[in-house]
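J.: What follows is the residue order along each chain.
Number of protein chains: 2
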Amino acid sequence: MSQHPPRRQPPPLAAVGPVRLTPAASTALRPAPVASVRGGFWGRRREANARVGIPQGPDLLEAAGNLHDLRLAAGTATGAYQGDYPFMDSDVYKWLEAASWQLAQAERAGEGDGAAAKQLGEDVDRIIGLVAEAQRPDGYLNTWFQVTKDGRAYQDLRWGHELYCAGHLIQAAVAHHRATGREELLRVAVLFADNIDSVFGPDKPIDGFDAHPEVETALVELFRETGERRYLRLALHFVDRHGHGVFGRETYCQDRVPLREAENVEGHAVRQLYLLAAAADLAAETGEAALREACARLWEAMVATKTHLTGGLGAHHDKEEFGDPFELPNERAYCETCAAVASVQWGWRMALLTGEARYSDLIERTLYNGLLAGVSLDGERWLYVNPLQVRDGHIYTGDDKSARRTRWFRCACCPPNVMRLLAGLEHYMATTDDEGVQLHQYATGTYGGERAGEALVVSVNTPYPYQGRITVTVDESPADLPWTLSLRIPRWSARTAVRVDGQAAGETARDGWLRLHRCWTPGTEVVVDLDVTPRLTAADPRVDAVRGSVAIERGPLVYCLEQADHPGGGLDDIVIDTSVPLTEQNRPDLLGGVVTVRASGRRRDVPDTADWWPYRDVTAGPDATADRSGRAPGGSASLALTAVPYHAWANRADGAMRVWLPTT
Amino acid sequence: MSQHPPRRQPPPLAAVGPVRLTPAASTALRPAPVASVRGGFWGRRREANARVGIPQGPDLLEAAGNLHDLRLAAGTATGAYQGDYPFMDSDVYKWLEAASWQLAQAERAGEGDGAAAKQLGEDVDRIIGLVAEAQRPDGYLNTWFQVTKDGRAYQDLRWGHELYCAGHLIQAAVAHHRATGREELLRVAVLFADNIDSVFGPDKPIDGFDAHPEVETALVELFRETGERRYLRLALHFVDRHGHGVFGRETYCQDRVPLREAENVEGHAVRQLYLLAAAADLAAETGEAALREACARLWEAMVATKTHLTGGLGAHHDKEEFGDPFELPNERAYCETCAAVASVQWGWRMALLTGEARYSDLIERTLYNGLLAGVSLDGERWLYVNPLQVRDGHIYTGDDKSARRTRWFRCACCPPNVMRLLAGLEHYMATTDDEGVQLHQYATGTYGGERAGEALVVSVNTPYPYQGRITVTVDESPADLPWTLSLRIPRWSARTAVRVDGQAAGETARDGWLRLHRCWTPGTEVVVDLDVTPRLTAADPRVDAVRGSVAIERGPLVYCLEQADHPGGGLDDIVIDTSVPLTEQNRPDLLGGVVTVRASGRRRDVPDTADWWPYRDVTAGPDATADRSGRAPGGSASLALTAVPYHAWANRADGAMRVWLPTT
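Line order of the protein sequences matches chains A and B.
Read in order, the letters of the first sequence are residues 1 to 664 in my numbering.
Read in order, the letters of the second sequence are residues 1 to 664 in my numbering.
Bound conformation, chain A alone:
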């Protein structure tokens, strides 16, 4: 570490996170070993996660029966199995992972001895104890099969989710080990992994894979954590077996085509994305070019043809699948919250692998929109699906897939998935390489690494995303060793200014990075001004769902109209006037403090509801009224439209919402 006097707090403790590359991994970048998000936009959302979201976990897992089921498997409780799914255990594991990252965060913040951290630590210990007791001596662990299926393991790989649950157990164990240095849960995970390795794979009893990928990326991480190459080989084997007909070539099971030959993402979105995260992990650790190329190709095709503006993925409710290219509906956008989490996980591995900024561009979009919409502002309620439109007259179903926030789900995969991502968020902010430090995201905090044994540490202070100014201060740097501070300049920033100690500096390369190479002095300030002027966005014309419509964006935020801001009518008859410039308004009072965007529009004359047929003859022109309906287009007086950040929607009363606004 350098010897300059600290300007602020002492450097934070070394960061831990879900991906820890081996020294031999062939990636362009590595996660920054120093990373801490404090305050600012993400600080507030993480505060809700730490104070409300994660602490409510044990009670919710008790109420939903997950912990009871562990006790049933352990033989320490009696009664009926609770819950409808064979993957109830995975909710527990995801919560344990979230709690582990939270413990590490508290430690870094010097709050490790506080009451909240102590309570959380006790809950973690208690629940790890339940998990360990439920495990069979042979390492197998799945309460559904142990309790309701007489322990017949691995008999139903299509629906059983046993390896899926194992994957989440492994990830939780790795997180707990990295966060606390303790091995109780890691021992459980290793024992289960060894059981799996003894059963699956070449020359083993079962030649198959879990129809829901997840164990693959977890096994790579377990290899990274333990150094045991068997886990890496098993992960590769599982990935290789996809697409050869084990599950009748069903897209839902990721079995239609081998991953290296695929041309676009398909099937169940979360399954596809977890599988691709594993593929990127394997490309990093094995150096295999074909896997790496497949990942890059599939990511590009996915983003170009199957990604909603919010970063949301998965068009179909039915089967939770990706749709066809450019099939991106709004009101029935599935955009499962878990798919947003998985997209960040895969994208991050791709960013590390390639060093390309575009992966973090999409991560930013997903974090601020498609993912964050999944949790309420207060951290207490959740959305499973994230539509881009709720219509006037929508009937709320009351089930998991409702457009109304819910405390917990029958299928509760999403809430602890968001918890674990937010608790470990600093992991996705910055990287290092031999040249220096790269800032992928702009969140108030401290980030850095070292070079030749000397610390390279910067602090970020910013009101981002609501304002575009980001101040990066060099905290630690060797005196005479030049290095590169790389800043990702988001694609949407039309005019970007960067100054180093007041002097204009740098230029954004075509690859989206602005690289500042020089000797740095602690205290040097780099000020980045991103252009967060509100803007109108249109889609590729092949996206039929939004033809003739625009969306409002500002910085990384997608905006939407909500019914709450538009009394006196619904939202389905509103047209935006794109000739009137957008304006903005700082609203500290609204939705926890947001900047709203104001636009001008009008309410369209809509056809007489007494006219029962909603289609009309326009052979003579768009205004033709050649049929008997007698209707004519028109419009009413100007109407002020107020757009709020999409991620903050559904935090008020039920009501219509829409991201895409018709222009005519």
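No wet-lab data here; the hints were simulated from the structure.
Bear in mind that the values here come from a model prediction, so they are computed numbers and not experimental data.
A portion of the hints provided could be inaccurate.
[Claimed, not checked] Taking lysine-lysine pairs in the DSS-like style, the calculated list, with each CA pair at most 30 Å apart, reads:
{"no.": "1", "chain 1": "B", "residue 1": "K319", "chain 2": "A", "residue 2": "K319"}
{"no.": "2", "chain 1": "B", "residue 1": "K401", "chain 2": "A", "residue 2": "K319"}
{"no.": "3", "chain 1": "B", "residue 1": "K118", "chain 2": "B", "residue 2": "K319"}
{"no.": "4", "chain 1": "A", "residue 1": "K149", "chain 2": "A", "residue 2": "K401"}
{"no.": "5", "chain 1": "B", "residue 1": "K319", "chain 2": "A", "residue 2": "K149"}
{"no.": "6", "chain 1": "B", "residue 1": "K118", "chain 2": "A", "residue 2": "K319"}
{"no.": "7", "chain 1": "B", "residue 1": "K401", "chain 2": "B", "residue 2": "K319"}
{"no.": "8", "chain 1": "B", "residue 1": "K401", "chain 2": "A", "residue 2": "K401"}
{"no.": "9", "chain 1": "B", "residue 1": "K319", "chain 2": "A", "residue 2": "K401"}
[Unchecked claim] These stretches of chain B come out as covered by chain A in the derived footprint (C-beta under 8 Å, 3 or more residues):
{"no.": "10", "segment": "217-231"}
{"no.": "11", "segment": "319-329"}
{"no.": "12", "segment": "391-403"}
{"no.": "13", "segment": "547-555"}
No residue lacks a Cβ here, since even glycine has one placed at the ideal position from N, Cα and C.
With chain A's structure known, arrange chain B on it following the hints.
T.: The following block gives chain B in isolation, referenced to the frame of chain A:
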């Protein structure tokens, strides 16, 4: 019957059909007692149904296990239950209904002694024998519960479908009785109905209803056939119990709101429509105004807000449900074939009840488009769902819900539903009342009734729907008794000419009927010229899915583009030029003989696929390229577009299809 010498064939036998009102029924119209469809458009499609569709039924039901399951229930076979659903029996019943109407049709055509009719009659007798043997002595009959659930009846009204199956059994029995005068199947149905009546209803052991309506309308018809009022009361009881929380107020189970209070159709489309058919039946037989008003209100709301251009109903794949108002997606339009059948059934009961032409307007649209698309031109293969768009790059799933025609389905509800509707099609063509005869649809054939004991019979000859000329010849009429021949003038016909023996006559009333009141002489010709000029159609602006798009229609036919007619590219980049007039071409060589519509379009320049983000900044205007993508709108040379009738799609190779065409 009148004494004038027959001009053509002797008058057909009295028609039989699914709805036979009691004399006390309070309806405006009654099904025409004389009705026979011969030749022309529907003759060809019914020929395929009679020669291929229906005759293949017994083999398909044997192969799928439905008949085996009946034998298992009867104890005359051993082995495992076949099929995945508790409603396997209903496929048998729907086939029996189809075969019964087909037997009646053969009888009317004087082919009752032919080899085909004899074979069909033997198949019917054999399968009725299997059904009767499977029935329990107490009347209960459901092979799923008898074989796999130890006969525990009525324990699972949410998923069991026992009353749903009973409804189809009753309808088949009524059809068989009406068609043949025989009572074997009717006895089975009555025994089952009595069993149901002894268990359900006020002061009976079970206070509930089947979550899948169907038995309700069937019970009304059984009342009509037998005169037993208990069945009418039970049907009313079942309808009344909906919407009170028996199934947790789930929309899927038609339980959110009582039918008389509902404001729009919702939930599972087929369930909703079968329930509404029963409501219309009950309104007819009880005269209840509230039910009648609810039906009219719900029909109007459904058509105005939840009906696809094809008449297809049900937007969601997930739960097979109606969507929100104006949520009418194209590529994910569910539009189950069974929902089209159910829509015709309900609409017909509404037409009878009210006498309003608009119900038959929608029936016509549904018959020619959303329903007929469900069966291949050769009568052998089926679509379960009827999307209005298949995208370039679509992945065919191979399951029931594929956009590729299939010989049979795991859930085979649709094929025999279409069979029974086509076999009984003449039932929906014409009505009578005290004033005369009403022609609802125009199909070559003979239709009529009687007045004061004298026959009123007309023949229709027409190349409709491909040409707009319909020649109606008076075959039989009393000499001095004036009566009204009413012709439904479809809403889409912009200019309609009607001549009686060459003299212009009549005027279309606002209600869609053109009424010709006079004394008629046999041989008098009424020539109707409907305007089948091809036209462009646009949707209510609240239908987001088709903003900026038009569809091509011609007469009652909705048209579509298919990949097969547009080599050299896909369909997703095509734009139609609405300034170039549509032309048409008679193509006897194509798809069994169709008139194609030609339009002019172009291929849009689409964004460079190397540019990974499909959204762009248009703040500076729609052509702005303010982001880094560098893309600009444009277009290529003029492209000839060939549209074919939607109902004929997917009869060639797999490929893209679209009904709605972007205009810019």
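J.: Does each hint hold? Answer for all of them.
T.: Hints, verified against the model:
no.: 1; hint: K319(B) <-> K319(A); result: holds, 11 Å
no.: 2; hint: K401(B) <-> K319(A); result: holds, 12 Å
no.: 3; hint: K118(B) <-> K319(B); result: violated, 41 Å
no.: 4; hint: K149(A) <-> K401(A); result: holds, 28 Å
no.: 5; hint: K319(B) <-> K149(A); result: holds, 29 Å
no.: 6; hint: K118(B) <-> K319(A); result: violated, 46 Å
no.: 7; hint: K401(B) <-> K319(B); result: holds, 13 Å
no.: 8; hint: K401(B) <-> K401(A); result: holds, 21 Å
no.: 9; hint: K319(B) <-> K401(A); result: holds, 12 Å
no.: 10; hint: 217-231; result: violated (count 0)
no.: 11; hint: 319-329; result: holds (count 6)
no.: 12; hint: 391-403; result: holds (count 7)
no.: 13; hint: 547-555; result: holds (count 5)
Violated hints for the displayed structure, listed by number in ascending order: 3, 6 and 10.
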